[in-house]
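**Student:** Please construct the entire structure, taking both the sequences and the accompanying hints into account.
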Amino acid sequence: MSPDIIITDVPYGQKVDWIGEEDNFVDKLLDSLYKICHEDTIIGLCMDKKQKVNNEKFIRIEKHKVGKRRFEILRIGS
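Residue numbers (numbering that gives the first Met the number 0): 0 to 77.
Just so you know, the hints here were simulated from the structure itself, not pulled from any lab data.
Keep in mind it's a predicted model, so treat the numbers as computed, not measured.
Errors might be hidden in some of the hints.
[To be verified] Mimicking DMTMM-like on lysine to aspartate or glutamate, the simulated pairs with C-alpha atoms at most 25 Å apart in a straight line are:
no.: 1; residue 1: 49; residue 2: 38
no.: 2; residue 1: 48; residue 2: 8
no.: 3; residue 1: 62; residue 2: 30
no.: 4; residue 1: 27; residue 2: 38
no.: 5; residue 1: 49; residue 2: 61
no.: 6; residue 1: 56; residue 2: 26
no.: 7; residue 1: 64; residue 2: 8
no.: 8; residue 1: 56; residue 2: 39
no.: 9; residue 1: 62; residue 2: 47
**Tutor:** Next up, the structure:
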C-alpha cells in the first residue's frame, strides 16, 4: 500500500545537514520517494529558499514562501 500524502522538511544545514558527495540531495530524496508513491500521491516539501527541485519524475502543483522557507506541493508527472 502506497501513501496518499507525504510531508517532509528538508535539512538545510543549520542544525542538521546532508552527508554525501552529491550536490542535489532534494532530487535524491524525491527519487527514493518515487519508489513508494502511486500515481495520486501528493508530496509536500519544505526547504530552504536556496534548495531547488529539478526532478523530472515530479511536477509542481503549487509553491509558497513561508518565512525563510519555501513549501512546494508535487505529484508524479505523467
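**Student:** Confirm or reject each hint.
**Tutor:** Hints, verified against the model:
{"no.": "1", "hint": "49 with 38", "verdict": "violated (28 Å)"}
{"no.": "2", "hint": "48 with 8", "verdict": "holds (12 Å)"}
{"no.": "3", "hint": "62 with 30", "verdict": "holds (20 Å)"}
{"no.": "4", "hint": "27 with 38", "verdict": "holds (19 Å)"}
{"no.": "5", "hint": "49 with 61", "verdict": "holds (17 Å)"}
{"no.": "6", "hint": "56 with 26", "verdict": "holds (10 Å)"}
{"no.": "7", "hint": "64 with 8", "verdict": "holds (14 Å)"}
{"no.": "8", "hint": "56 with 39", "verdict": "holds (13 Å)"}
{"no.": "9", "hint": "62 with 47", "verdict": "holds (13 Å)"}
In summary, the one numbered hint that this structure violates is 1.
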